[in-house]
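So the sequences go chain by chain: G and P. Once you know that position 227 of the first sequence is 227 in my numbering, the rest is easy, because the numbers rise by one and skip nothing. Once you know that position 206 of the second sequence is 1206 in my numbering, the rest is easy, because the numbers rise by one and skip nothing.
Read the hints as simulated data drawn from the structure, not as lab findings. One thing to keep in mind: the hints can contain errors.
Unchecked claim - No more than 25 angstroms apart at the CA atoms, straight line, and that leaves these computed lysine to any residue pairs for SDA-like:
(1) G:K437 to P:D1201
(2) G:K437 to P:D1002
(3) G:K437 to P:R1119
(4) G:K437 to P:S1171
Since this is a predicted model, take the numbers as computed values, not measurements.
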Amino acid sequence: MPEALSDFWYALSPTAQDALLFALLLAPAILLGLVVVAGYRPFALVRAMLWRFRWTSLLFILLIAVSVGIGVGLIAQERGLRQGTARAADKFDLIVTAPGSEVTMMLAAVYLQPSDVPLLSGRVFNDIAGSENVSLAAPIAFGDSFEGAPVIGTTAGFVTHLSSGALAEGRMFAEHEEAVAGARVPLAIGETFTPAHGVGPSAEEDGHQGHVYRIVGRMPASGTPWDRAILVPVESVWEVHGLASGHAPGSEARLGPPFDADYFPGTPAILVHADQLWANYALRSQFTTAETMAFFPGAVLASLHALLGDVRQVMSVMAVVTQVLVTAGVLTGLIILMRLFARRLALLRALGAPRRFVFAVVWSYAAFLIGAGALLGIAVGFAASAIISRIVTARTDILIRASLSWPEFQLVAGFVSLTVLLALVPAFLTLARPVVKDLRG
Amino acid sequence: MDLALAVSGLSVRGDDGRAILTVESLKVAPGTAVAIRGPSGAGKSTLLFALAGLVPVAAGSIRWGGHEISAMSEDGRAAFRRRFVGMVFQDFLLFEELSALANASLAGAYSGARRGSIREGAAAMLQRLGLPSDDGRTVATFSGGERQRVAVARALAADPAIILADEPTASLDRAAADALIDDLVRLARESGKTLLIASHDLAVHARMDRLVEVIDGRFCGDVAQHA
């Protein structure tokens, strides 16, 4: 790119760049349309053709719409997933677990996907909690549930961190038998429950008989799996399992850190939060040891997103190929359809219509099918993305929002320009038809 | 404008290279009404299409006044038709989804600056032929006679000097055919147009100035009226 052009490009805002790219991609279609119909008024005849072959035209439009919709939906969905998963990991700066798969640990600790993972000792926890620059170190103990909602043992500090400082309703747990519910947990403040041991279909409903929690507060909605979680004091989770409370005898009633390493039964994960960004990097290095693994969920997600992006690119290419193939099929169908309309096109030429006018009629008809199909395709893609987003949100509790953005419009603009160019082919072929033979039908 | 027709040594060949029409000589003075008769498949329509410049000429020449259309390019012949020729066909060939006015002013869609005058001409012609100029109905709702009158209005809307009609009454009942041919001949004569009609219809022959004959692809010249 010449330097002046490059300077101009980078001086533009991202929105202006996107808008300009969209305009550049659509420009060939608009210019072609202006050139083809210049001086003529083919639209009444195009309308007549559309009406005469209304069902076939509608079928062609739907075919194009579905193929465009696949491409649009794919891009919108991938972006929605990326944004939704990133938002869900927002509060999790640094996670420390036992060495293993970062992805598995992240899925378990951030997205609350059940997994059997090794535990970290109280000594490790205290080392982390006592480190310089650590403003919050919280155990995240998972493994129990209530009617499908994960019951997580942690500290009041973590609940406050997750709630951005303020609960939506009620108060923080202050006793071992108290709990704070996520925004979408179907338990009201004051209601009680007994957790099941384990999660999912294999959970033992009566595994913790006799242990009853009471809901005392509710966190604000976050659009993350934590909206369906019930947070309880980590001490009570250990006690429910017949383990020590994390505190020395005589201090069992205490809640939250510091914990006594000798009476700390273990935690699968520890959330670490530092006030300074740089400190997170130092802490990651510090706790990447033989017995601990420290990772940024954001970095793990970025790797997953990169992979997702590669998959999206492959699928986008496939979607574009599908779109072009469908359009080529439609244009082939159009050539066949033009045979049905050949008599009237021959009439136009017999009456003295310039060949370019007949060309404009056929091209405009094809361009209308493509344009209408592309517009409908945007709606189809958005609708598909909205439906899929709702399903994914319902299944993962990660809020996925369907939205349309510039890449989808740019894809459609490129598609329209390419295919209206292809539409020149049936228009040219129509001109090669014998006028008198067609006139005689 | 003097657009006398002069055809000489004309030969038109089919796709297989066989001669399908030969015309040694045919002259028609401007403003003359000529009927072309002959058995089915004899070459009447081919002669009309050749005179309109719609079929390639293997040999000979077709000259309308100073315009030798047999020597013109396809685009040149189309421009000639656009300017000087109105055509009427046996089965109307209308756009059924459009109104009478939209059909009659079809040429306006591709005639640029003449668009306005063509539309006015079409509206006036429809009125003279007793049809509503634009009542919103599509021609699909019209009777056969009405449709053919729309086709006549279309042929005359741009005020061409030459009208070529291929079996215009063949799809009509007797009364509608008589009314149509009366209108067509009257309108042509009023404005001094040259009218050539290929037709089996004796009633058409009777209203023409001249009657010529085509048999087995050979133009045979004039025949006596009422023969």
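Straight-line alpha-carbon gap K437 (chain G) to D1002 (chain P), limit 25 angstroms: Violated, at roughly 31 angstroms.
Holds or violated: K437 (chain G) to D1201 (chain P), with C-alpha atoms at most 25 angstroms apart: holds, 24 angstroms
K437 (chain G) paired with R1119 (chain P) [C-alpha distance capped at 25 angstroms]: violated, 30 angstroms
Hint consistency between K437 (chain G) and S1171 (chain P) [alpha-carbon to alpha-carbon, up to 25 angstroms]: Holds - the C-alpha atoms of S1171 (chain P) and K437 (chain G) are around 20 angstroms apart, at most 25 angstroms.
When each numbered hint is compared with the structure, violations occur for hints 2, 3.
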